[in-house]
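Novice: Go by the hints and put chain B onto chain A.
Listed here are the chains, written in short residue letters.
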Amino acid sequence: GENVEQHPSTLSVQEGDSAVIKCTYSDSASNYFPWYKQELGKRPQLIIDIRSNVGEKKDQRIAVTLNKTAKHFSLHITETQPEDSAVYFCAAKAYGQNFVFGPGTRLSVLP
Amino acid sequence: EAQVTQNPRYLITVTGKKLTVTCSQNMNHEYMSWYRQDPGLGLRQIYYSMNVEVTDKGDVPEGYKVSRKEKRNFPLILESPSPNQTSLYFCASSLFAGGNEQFFGPGTRLTVL
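Chains as they are written, first to last, in our numbering: chain A, 23 to 133; chain B, 862 to 974.
Be aware that a few hints might be false.
[What the hints assert, rightly or not] Mimicking SDA-like on lysine to any residue, the simulated pairs with C-alpha atoms at most 25 Å apart in a straight line are:
| id | chain 1 | residue 1 | chain 2 | residue 2 |
| --- | --- | --- | --- | --- |
| 1 | A | Lys44 | B | Gly901 |
| 2 | A | Lys64 | B | Leu872 |
| 3 | A | Lys64 | B | Pro944 |
| 4 | A | Lys64 | B | Pro967 |
| 5 | A | Lys59 | B | Asn961 |
| 6 | A | Lys64 | B | Met888 |
| 7 | A | Lys44 | B | Asn961 |
| 8 | B | Lys918 | A | Glu27 |
| 9 | A | Lys64 | B | Val913 |
| 10 | A | Lys79 | B | Leu956 |
| 11 | A | Lys80 | B | Asn961 |
| 12 | B | Lys918 | A | Tyr117 |
| 13 | A | Lys59 | B | Thr947 |
These are computed hints drawn from the structure, not numbers from a lab.
Only chain A is shown next, with the shape it has when bound in the complex (with noise of 0.2 Å):
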């Protein structure tokens, strides 16, 4: 079955510097590539995804690029935030598969 890696695990960035964190999964079928941001005791939340026609995919600070052939998927925030403090979650899906997320990234954005 599907395994999804995400890495670091955590991350620490200054205010206004970039985060990038990166997933990797390992199987070739799968063509759905969400991310999700899970707030301390909230419910996560979809932030951007991308499906495997497309190599990257932007919305306003946030971009996604995916690349088919290694298998990999990166998130990209520029311009952090401190309220962009959070876990972030990849995950893989196939067409009739279960979702398989990644085990998360904890950002904490120092002001």
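Specialist: Below, chain B alone, put in the same frame as chain A:
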């Protein structure tokens, strides 16, 4: 308001006492799923359903049951809970099974003594 609801939000029970956690969505979504979240392990999918009367095992289905008799409801059943099922549980739904935004419920914190 479009939402996913779960009940109860908090539950403390004892080993072996059957329990059900309800999940309901009002968005006419086809795909529904249950996750458990444990520290350091992220979200692990327990069961999912691509439509009414269609359910499939996720990565950690042992000790759980589900049913999907109606499109809006997807209850999680623990027939004989054990302490290793102490966890934070999330229900989620999405429009289709092909890969769409999942909307998560508020979570149910379960403690099995």
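Novice: Hint by hint, work out which the structure violates, then give me just those numbers in ascending order.
Specialist: 9
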